[in-house]
Amino acid sequence: MQQIRVLIGKEFRLEWRQRYALNGMLLYIVSTVFVCFLSFSLRRNQLTPMVWNALFWIILLFTAINAIAKSFVQERSGRLLYYYTLISPQKIIISKIVYNTLLMLVLAGLGFSFYTLVMGVPGEGMDMPLFVGNLLLGAIGFAASLTLVAGIASKAENSATLMAVLSFPVVLPLLLMLIRVSKNALDGLDRSVSLDEIGTLLAIDVIVLALSVMLFPYLWRS
Amino acid sequence: MTMKKNWWKALAVVIMTYVIWVGLLGTVPRQPILNESIRNVYFHVPLWFSMVILMLTSMIFAIRYLRKGQLNDDHISVEFANTAILFGILGCATGSLWASVTWGDPWPNDPKLNSVAVGMLMYFAYLILRNSFDDELRRARISAIYNIFAFAVFVPLIFILPRLTDSLHPGNGGNPAFGKYDMDNAMRLVLYPSVIGMTLIGVWITQLRVRVRRLRDRLDHVNDSVPRAHSTAE
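Residue numbers (the numbering used here), protein chains in the order written: chain A, 464 to 685; chain B, 97 to 330.
These aren't lab readings, by the way, just hints derived from the structure by calculation.
Note that beta-carbon positions come from the ideal geometry of N, C-alpha and C, so glycine has one too.
Honestly, I wouldn't trust all of these hints.
On the chain B side, residues computed to face chain A include the following (Cβ under 7 Å) [said to hold, decoys possible]:
hint	residue
1	A213
2	A221
3	L223
4	N227
5	Y242
6	P252
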């Protein structure tokens with residue numbers, strides 16, 4: 464536990480020292496939202512909930528892929544080797560997933576607030592707690608699955624393309640469920656309607672987390 | 097000895113001959129829209145079944161590679177994935193033909209079609225990942241990891257997608273399953289053997305390809321070592 468905490472602290476410090484990367488991601492999501500806003504050339508509150516929702520999650524997906532892709536590239540291989548002599552690989556992947564989850568939450572929070580600012584919120588009775596909870600589940604799932612894929616892609620050359628190609632099909636089930644639940648939240652449907660989907664989301668999160676922790680020890684050795 | 101080892105190939109040939117014969121000439125129940133195209137059940141459905149079986153086998157060999165580290169397991173794993181892709185493409189082709197006859201659209205928005213498309217994307221990504229490594233051991237290890245991960249995500253996808261949109265396929269979204277009333281026992285007598293036969297054929301293709309791969313590897317080794325022998329002699 465102590466080690467994981469130290470590792471997470473290290474991730475934060477690393478990010479803070481390379482602030483341009485963090486700022487780059489923040490700018491990335493803001494400008495993507497703005498590009499979408501201009502592309503639709505709409506006044507506020509003109510998108511149907513369905514388009515609004517799908518667009519939001521696609522923006523988040525691309526941001527997530529870009530943000531998490533760097534989680535292994537950022538450190539030199541010599542330093543990674545040094546960590547591996549000190550601690551078990553499970554702790555490294557867990558700390559990276561926790562850090563990436565927090566990062567995703569920050570990015571999603573910023574993205575959501577800016578998105579609603581320019582695009583407006585469709586519909587009246589939006590179920591905010593459900594939407595935020597869904598965002599949280601999404602952040603965990605994205606972080607867990609994309610961290611492992613980032614690890615895989617970082618081992619190959621041309622990792623940027625590879626990262627996208629490898630991660631799209633893998634995050635798709637997660638993404639579909641997230642879109643579904645957040646649509647329910649937007650429409651303000653009764654929560655019992657989305658219980659089934661939330662259960663599936665939790666199950667996917669657990670599967671992806673367990674697999675990442677199980678498979679990572681094999682990954683770092685190469 | 098050869099019969100003992102290769103009986104399953106004979107079995108595959110016998111079963112597939114039977115399936116093709118009875119499938120094309122046997123009597124089938126008359127259904128309003130399906131008409132004679134119902135015979136496609138014998139070919140299209142088993143292709144999917146055996147594709148999933150081949151993918152599963154590919155994943156099992158990937159796990160085995162990670163545990164034991166023998167390159168042979170990696171060869172088998174990738175060839176099973178290749179055969180699964182072949183079956184997937186054939187399944188798409190037969191399904192598309194069938195859909196344009198019965199549903200009037202070669203690619204209707206159907207969860208089963210979409211989940212298969214995503215599955216194909218995963219395995220194409222797997223092949224691209226493999227090609228991006230030069231080092232053999234590294235390639236084997238990392239692609240095995242992706243193989244396991246992809247299959248584990250593919251399974252929930254098959255369960256999730258049908259809930260999002262109603263399927264045109266029998267047995268989903270209020271459509272009656274084949275088993276309910278239009279699949280009589282005579283058809284089952286062809287369908288189930290066909291699943292076994294297709295899977296055996298898939299295994300056979302895989303076995304041949306694994307052998308070709310091994311031979312090519314050995315040839316590469318020989319070609320590599322010959323010039324070196326010359327240079328030391330000089």
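Do the hints match the structure? See the list:
Contact between A213/B and chain A, as hinted, is not supported at the beta carbon level, the nearest pair being about 9 Å apart and thus beyond 7 Å. Interface hint status for A221/B: upheld, as the beta-carbon distance to the closest one in chain A is roughly 5 Å, under 7 Å. Nearest Cβ of chain A to the Cβ of L223/B: about 10 Å, over the 7 Å cut. The hint is violated. For N227/B, the shortest C-beta to C-beta distance to chain A is roughly 9 Å, which exceeds 7 Å, and the interface hint is violated.
Of the supplied interface hints, the one on Y242/B holds, with its beta-carbon coming within about 6 Å of a beta-carbon of chain A, less than 7 Å. Annotation: P252/B was flagged as interfacial toward chain A, and the flag holds, the nearest CB pair being 5 Å apart, inside 7 Å.
Comparing the model with each earlier hint shows violations of hints 1, 3, 4; every other hint is respected.
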